[in-house]
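Let the hints inform the model, and build the full structure from the sequences given.
Residue strings, one per chain:
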Amino acid sequence: MECILTVDINTSSVRIHAFDLTGQVLGMRKGSYPTFHPQADYSEQDPEQVFITTLYVLKNFLNEVIHPQKFKVKAICFCAAMHSVLAVDKNGRPLGNAIIWADNRGIKQAKLLKNSQECTQIYEASGTPIHPMSPLIKIAWMSQQDPERFAQAYKFISLKEYVLLQLTGEYLLDQSIASSTGMFDIHQLKWHTKALEFAGITPDRLSTPVSIFFDEVGLKKEYSKSLGLSSATKLIIGSSDGCSATLGSGNIAAEKATVTLASSGAVRVASKEILVDKSQRFFNYLLAEDYYISGGPTNNVGVVFDWFTQQFGSFDPRQDLEQVKEELLREAIQVSAGAKGLLFLPYLLGERAPIWNANARGVYFGLNITHGQKHLLRATVEGILFEVYSIGKLLAEHRNFSSISLTGSYASVPLFAQILTDIFGLPIHANTSVDNVALGTALIGLTGMNYFKNLNESSSNLPVTETYLPNAQNHDLYMRYFEIFERLSTKLEPDFELITALQ
Amino acid sequence: MNRLILQQGTTDLLQDFPHITEWAKLKVQHVQLNSFEVSSKTGIRVGLISEGKYDWNINGQGYTLYPGDVFLVFPWQKMGSPKGILEIGALTWIELQLNIFEASGALQLGNWSNIPESDQRVMGKIITMNQNPVLAKFTVAAGIFQEIEHELLQQEMGYRTRVNHLLDELFISTVRHLSKTENFRRDFPQIFLKLEQTLRENLNHAWTVEEMAGLVGLGISAFTEKVKGFTGFSPLHYLINLRIAEAIKLLRQTNRSLTDIALSTGFYSSQHFSSTFKKLTGYTPRDYRKTQ
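Chains as they are written, first to last, in our numbering: chain A, 43 to 545; chain B, 1477 to 1768.
Just so you know, these hints were derived from the structure itself, not from any lab.
Every residue gets a Cβ at the ideal spot worked out from N, C-alpha and C, and that includes glycine.
Among these hints, one or two may not hold up.
Here are the computed lysine-lysine pairs in the BS3-like style, where the Cα-Cα straight-line distance is at most 27 Å [what the hints assert, rightly or not]:
1) B:1754 x A:114
2) B:1613 x A:367
3) B:1755 x A:267
4) B:1704 x A:367
5) B:1702 x A:262
6) A:72 x B:1725
7) A:72 x B:1754
8) A:72 x B:1702
9) A:276 x B:1704
10) B:1613 x B:1554
Okay, the calculated bits of chain B under chain A, using three or more residues with CB under 8 Å as the criterion [unchecked claim]:
11) 1704 to 1712
12) 1720 to 1733
13) 1745 to 1758
Quick look at the structure:
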């Protein structure tokens, strides 16, 4: 039987799946690596460890699952988290660690660009919001704050490019990842001059982006051999995780939005048009075939619920975090919608979309003497989802969508799905039988190999394992809470700044 | 003031226990001046506060100890009251001479102990890695101290064996308490991150699963299961990952010899390193270096 492998290099781990040529999962393996925080606001990863882990997991997967069942690997398609930056010297050797999306060291540089004349031009051309997450800002930071490393750097690449460099010997960058660097003109499909100027580099210090279907370079023969793969096995460069997730969660031509609820989250829509927002609150990333993925990210989903569990969950010495989380989720279902008039702003990590305020902080609002731990619990879940809704509400002003596809680890938590449905007032579908990012990557690979005519065809008729329908009464109630949520989120801006100065 | 102080050499009750330098149980009813100066002793001191509040200086830092707190002071650390007084209250302590006990974590309790050498090595690391000499909520300690006192004084049949068992018990309980407190309410990802850091900083050590599990206060099978679930690798495979990733850095960025790189990343020999490297990457380290 023939199969395609997908390699997803994500924030906490690399996940490798095998799919048959119709898109059914045959198996999966993962391997994790750490994120280092040498200072507050810094988030880094060791590129060698990411590469070795990828190789190791691939090898184990092939030896333990694929080869014994005599599956023939026709292609390996890649995917990765966005916004990472790694400086390499002329021999392709890493200069220090890779800086990943969560890193916030470039706050000053982002502010500088936001207040400059070039800001709007660069945002509209690149589709990436001006924020410390973007490689544009990180490279600008390096040119100012780490000039030695900056001067030594032959190229600035992403973690995905580094892994591919090791595997193939060539610098390979896809247009999806390129379109999330903040430096790529998504209209003209080339590097944007003004953006590069701000970063302090010329185009030769970046790779040349190719289509996500690019498959003209193969594995180095030593790796082919040691992995037991045929030299005919294709390597397809693939896309970014956000684009794969959107594709893998359903028909990209339909009027739907995709909501990812994981440690962080995002709301996205797919369309053939770039979404223009005067206040620059959305990203526009390139998928392929003229499809753009537009939307907004949030920092505060799973991370915040984990925080609540740690701080307020009651731990029996033998219990671990997952078990206490389960208990809390069961408890939260018993509390009525609205938590008896208690509201939570979930901005524990500042926030990106839609308020884009790194100084935003968490708030429990409306506490009265009858509120207890269970109300705080319920309010926390609702607050997280109000924030997600706030992104969706803004997106809805630009794009119509009549239903939502839910992906990510919280897609299989009914409480979250049901509350989200009630808040949006729209039906929610989920396919929890497979990792949607991996599926999206497989669909890209299969489309590239012509098993599907185009991406649209590949992603129609994907299975749905759960459907949630909104409760109109709850929806009306939640809208009243949301009104206050929205007001507080903007009203408290000056106060957020004051309080962070004390932190 | 009620006091029971047994000192090695001045009482028959300790003659079968040359490793116990001192056993003291005090009930202090009036503040005692000039009775508790800051000093270090040759043995390790473990003690328990039963009543009262004690403001002490341990190893250069000030601590306040309350009933239920246990203190653990190493031979090279100074402890005492900065005012030289012993406050009103009740406390018990024991001072033990250990064969080997160093700041590096090297630990050899002595022939009296039944704890296997390999366990003692891991215990030594855990004890010395701990930066806090005051152990709060270490509730089992009170019972152990009571039993030790009973055995030393009553000398019933089998008491010699019992006392040494209880000392082992005290050490094991202390180590378990230390590793569990570290991990209370921590989720496994956070726990693992800390372990990973220790592994990276000591990559040339031949870590066993037992040692790694001991460091995070988990039993071997629970540890292995959690590591596999979280990282996707068994503990030893994850370690190989780290070793190879570090070795690749050294191969590419330095001119160090293969043997040097092998040993500093924890392989038994350059042979062992080469074969593991080739198995994973398809290159020998030498050839890999050439491709750079």
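How the hints compare with the structure:
1. Annotation: proposed proximity of residue 1754 (chain B) to residue 114 (chain A) holds, straight-line Cα distance about 24 Å (limit 27 Å).
2. As the CA atoms of residue 1613 (chain B) and residue 367 (chain A) are separated by approximately 25 Å, the hinted pair is consistent with the 27 Å bound.
3. For the proposed pair residue 1755 (chain B) and residue 267 (chain A), the alpha carbon gap of about 11 Å is at most 27 Å, so the pair holds.
4. Using a Cα cut-off of 27 Å, the hinted pair residue 1704 (chain B) and residue 367 (chain A) holds, with the two alpha carbons roughly 20 Å apart.
5. A hinted pair counts as satisfied when its Cα atoms are at most 27 Å apart, and residue 1702 (chain B) with residue 262 (chain A) does not qualify at roughly 35 Å.
6. The suggested pairing of residue 72 (chain A) with residue 1725 (chain B) holds, with an alpha-carbon distance near 23 Å, which does not exceed 27 Å.
7. Between residue 72 (chain A) and residue 1754 (chain B) the CA atoms are separated by roughly 22 Å; this keeps the pair inside 27 Å, and the hint holds.
8. Restraint check: the Cα-Cα separation between residue 72 (chain A) and residue 1702 (chain B) comes to about 14 Å, which is no more than 27 Å; the hinted pair holds.
9. At most 27 Å may separate the alpha-carbon atoms for a hinted pair to count; residue 276 (chain A) and residue 1704 (chain B) exceed this at roughly 30 Å.
10. Of the pairs offered as hints, the one joining residue 1613 (chain B) and residue 1554 (chain B) holds, with about 23 Å between alpha carbons and a cut-off of 27 Å not exceeded.
11. Under the rule that three or more residues need a Cβ within less than 8 Å of chain A, the assignment of the segment 1704 to 1712 of chain B holds, with 4 such residues.
12. Look at the segment 1720 to 1733 of chain B against chain A: 7 of its residues bring a Cβ nearer than 8 Å to a Cβ of that chain, three or more, so the hint holds.
13. Look at the segment 1745 to 1758 of chain B against chain A: 5 of its residues bring a Cβ nearer than 8 Å to a Cβ of that chain, three or more, so the hint holds.
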